[in-house]
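Engineer: If you want the building blocks of each chain, they are given just below.
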Amino acid sequence: MSVNNEFRPKIVAFCCNWCSYAGADLAGSSRLAYPADVKIIRVPCSCRVNPMFILRAFEKGADGVIICGCHPGDCHYSTGNYYARRRMTLLFSMLDYIGVEKGRTRVEWVSAAEGVKFSDTMNDFVAKIKGLGENVRLGDLRCKN
Amino acid sequence: MQRIGVFVCHCGSNIAATVDVKKVVEVIASEPGVVHAEDYQYMCSEAGQEKIAIAVREKKLTGIVVCSCSPRMHEATFRKAAERAGINPYMVEIANIREHCSWIHKDINEATEKAVILARAAVAKVNLNTPLTPGESRVTKRALVIGGGIAGIQTALDIADAGYKVDIVEKTPSIGGRMSQLDKTFPTLDCSACILTPKMVEAAAHENITIYTYSEVEKVSGFVGDFTVDIRKKARFIDADKCTGCGACQEKCPSKKTPSEFNRGLGTRTAIYTPFAQAIPNVPVIDTEACIKFKTGKCGLCQKICAAGAVDYTQKDEIVTEKYGAIVVATGFDTISLDKYDEYAYNQSPDVITSLELERVMNAAGPTHGHLERLSDGKAPKEIVFIQCVGSRCSDDRGKPYCSKICCMYTAKHAMLIRDKYPDVNVTVFYIDVRTPGKNFDEFYRRAVEQYGVNYVKGQVGKVIPQPNGKLLVQGSDLLDNKQILKEADMVVLATAIEPNKDVRKIATMLTASIDTNNFLTEAHAKLRPVESPTAGIFLSGVVQGPKDIPETVSQAGAAAVKVVGLLAKDKLMTNPCTAKADELLCNGCSSCANVCPYGAISYEDTLVNDHGIRETRRIAIVNSALCQGCGACTVACPSGAMDLQGFSNRQILSEVDAICR
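As they're listed, the protein sequences go chains A and B. Going by my numbering, the first residue of the first sequence is number 20, and it counts up by one from there. Going by my numbering, the first residue of the second sequence is number 37, and it counts up by one from there.
Don't take each hint at face value.
[Unchecked claim] Heads up, simulated DSS-like pairs for lysine-lysine below, C-alpha to C-alpha not over 27 Å straight-line:
#	chain 1	residue 1	chain 2	residue 2
1	A	149	B	142
2	A	147	B	142
3	A	136	B	376
4	A	136	B	441
5	B	542	B	269
6	B	584	A	136
7	A	136	B	538
8	B	563	B	207
9	B	331	A	136
10	B	269	B	331
11	B	436	B	201
12	A	136	B	542
13	B	538	B	507
14	B	220	B	201
15	A	136	B	563
16	A	136	B	142
Don't read these hints as lab results, they were simulated from the structure. Computed from a predicted structure; not experimentally measured.
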């Protein structure tokens, strides 16, 4: 979907219900803007994010995927974000190996009180993805318009 | 196929001003599964909910998507509406087109396009939703209050008066907290001890209250209604049942040089001590680091002198395990360290003190017996300078970004009390702003200025320089007169920023309660649920939630108590039905899931399965839905994809991904 031929990336953000989704809500209620390219999917915990979801997003044409969870030590389920961190470290390096650049994937810790951080993170992430351009490596060409 | 109704809310102009709601309705109506779509001014209103009920009836809906505010706001509202209309509440999904869309985007086309995509994702998810039924869990009719200051005491008293058992766990040897250290309280100048100690006595005497002093919460497990808590009762080395509180041991103790925590290090105490005369319980503790008996094996004087035979050097820490239905955090505050504020010479001169230290100096039971004197030479000061906002409203990382809220008022109080008792002492206050919102607060501040002649100077102090003659040279600015001020003072008092108690992070982690960047615990909703943590069953009382004075703390303590009582009054709670479940045809009993489960909710049972006609007994993962909290860690750990989370299944989330990337 391009407006004025400008590259509009597709970005999927997985946010844990307890910290980051609430942080995104706070960014919203504080009117802290970030690009509409970011679409948020609510999950109970960052550890609910299956690597499969990320592969699917890239396959379906996403240009970047970000996972947001509670800060280390603050997970609502005690240890979930640690699992997420380990899984994603492994997955991201494998994705990098097959050509999906590290800049297209990110894990960030955003608490329920960090609306500013949520907005800043999304602005920064979108800018980086715009710099990288369209994801062509894993995208299923049949999914492209 | 589901029959889905989509309801798009205008939220007045909150959504409708940036999202073309009619367009969203028009586009979403052609999505697979959608049989009804409409928009309305306020979907959460009674009329809006009625529209949902009518559509459910007339269009025979099986699923509902509400495009509105955050599910954290109104998911429960719409689930209830769905239930009343006759469909399972878990067949409702919310597309958050307010916080995540209309409020952060300006361009209508862009925001509308995004709202459509978010709505599509929700529709795609509802297409795969299945009806879920919550289970029930019991409620232990007992509450725990962590912290025995005025917040904790008031919460405990209110819960106890409602007829429920409540335990207070206090880290120090006595309840009373910060308020017990204060001399007078604004804006009425009540004597702090006079209004606090009766409450302390009442709490100690209450049949429904058990107080664990010199104790700490060590471990918390379980969930709302059914927490299990380990409390470490540190060894006092005194048998509390035998001790009569006569105080003879403290009089005779030869180790007298330890700085008194209660007097903020300004006086000393003995190794065997109660923090202050009105301590509750009036049972001393032995500080093993200061005690000669513990250090050298010699002495033992307190044991010899104790007529009741209460001193027991062999006492050990004890762990008490208790079950609670609700937990209140009331851990209070401390003043920040001034190590990064060299310009105020706090560490260089004993005559530069914090306001809390001044409370002790002005208190009759304090280190100077209530006489206002310089701590360096004991001389009466003639010129006192107060500096406001030391570490508060600070833009760099030395201090805190927030206003500590209480300083303007207690400084006015200090200035007034000093001018009242010592009319020959000049008092100057350097301030950035004077903030006195509160009942009778501004009147109080004006009395300090108009009636007591306190000299208020708008401006900050750059440096305090100790002089060879023992005086303190204060370099400040007067912003109103636009001039530099040099003032020789005998004493400087710093209105030091307050911060949450150091232990609160550890406690928040144990309770899995959210905490903000300043270490204040986060409330479930900043305006509408200010005394509840987002974690069910955890409540907030006092400064742990944010800076507040005593009247506010007491109000909030009562509010937290009401919330606790509301919970304890229930016999059963509904549990979250979004729990994990293993597909018995895919599970091979490998134990990967149980290894990552933080709740020990997964076990394995030999189960007879019918795998496409083949009947055999297999080792299958069984999830205890009462223990499972629905984090989903197991679903990702499962190598065969057998484990899935109800309400957030793999297929549901993948369908959302697909809808977004379409």
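Engineer: Against the structure, test the hints numbered earlier, and report the numbers of the ones violated in rising order.
Structural biologist: 8, 9, 11, 13 and 14
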